[in-house]
Amino acid sequence: MAKKQRTAGTPESQLPLAPATFQILLALADGERHGYAIMKEVTSRTKGAVRVGPGTLYGALKRLLESGVVEEGSERTDPELGDDRRRYYRLTKFGLRVARLEARRLDAMVRAARQKKLIGTAPA
Amino acid sequence: MSAERMYRLLLRIYPADFRSEYGREMTLLFRDEYRTRDTNAIAFWVSMVWDAAHSAISMWVDVWLARGKEYTRTLEIIMKLAGTLAVLVGVFGAVNALAEAVAAMRGTLGSAHIVAVALGGAAGVLLITAGTALLRGTPSARYTATIALIASLVIILIARLTHPWMSSLSQLIGIGMPLALLVALHWPRGHDHSTSAA
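Protein chains in written order, with numbering that gives the first Met the number 0: chain A, 0 to 123; chain B, 0 to 197.
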């Protein structure tokens, strides 16, 4: 059963996000995942450059739940990982707006870096 | 001792509420991560201890900030109750002074007593002002309350000097109440920290 979450202020008030927090939101952008799936998605997408440990992951999820960015989905087993029931997490509509705003903020920073010729025009 | 049991021991560094909410999920995640690790055991454990250490500090900071907010909220409720009490005592003092003023008009009171009654009435009005300001609770109202309480205290002390036979109860309320309210008003309290998801 999904828990009803309250949102904390405006999406803008949540910014800027910590890098690990934004990585978690990116992992949840495709749909709901459990903790281990979030961790694996972050590691594989960043090719191992970012590793989110259990404490960092659940600490961030706790804050994201409290601020209404993320909500709990159903609790169920993952056939690939055995019989243990796992909590699944997903982005709320509010969370999706927060993630989009953070992406735009980072995009603006990268464009500014390109204009200053700190990086090339092609994606790194 | 199994790796999972050692990790459960490591989880004890987290606040109890966080542990009871997420401890099981974290242990599951640890089990999966331990099973599929691509580094040696020592490097793996170093990363786990580092993760637990810095995330536990962050969790404890959240707990302390939440306690600070709770403490501040409790103090605000106490101040509202104190404000109500100040208004009630002020009204009682003002009404009492009015009754004595009526008696004074009948010529049954001496001049020193009349001055003391007038001062007592003024102190009552000031207590009502302070109590109303405390109930509003804004920073400017707190400033008004402080000024009104100091003025009330000074007036009661003057009344005590002009009217030495003031009752012990009147002295206790007239001097003790503004003093207690001033201490409560200026007692150091936690600041409201806003948190973000970051």
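Incorrect hints may have been included.
[Unchecked claim] Dumping the calculated DMTMM-like pairs for lysine to aspartate or glutamate here, alpha-carbon to alpha-carbon at most 25 angstroms: (1) A:K46 / B:D37; (2) A:K61 / B:E3; (3) B:K68 / A:D82; (4) A:K61 / B:E99.
If you are wondering where the hints come from, they were derived from the structure by calculation, not from laboratory data.
Hint check:
| no. | hint | verdict |
| --- | --- | --- |
| 1 | A:K46 / B:D37 | holds, 13 angstroms |
| 2 | A:K61 / B:E3 | holds, 22 angstroms |
| 3 | B:K68 / A:D82 | violated, 41 angstroms |
| 4 | A:K61 / B:E99 | violated, 63 angstroms |
Violated hints, listed in ascending order, are 3 and 4; each of the other numbered hints is respected by the structure.
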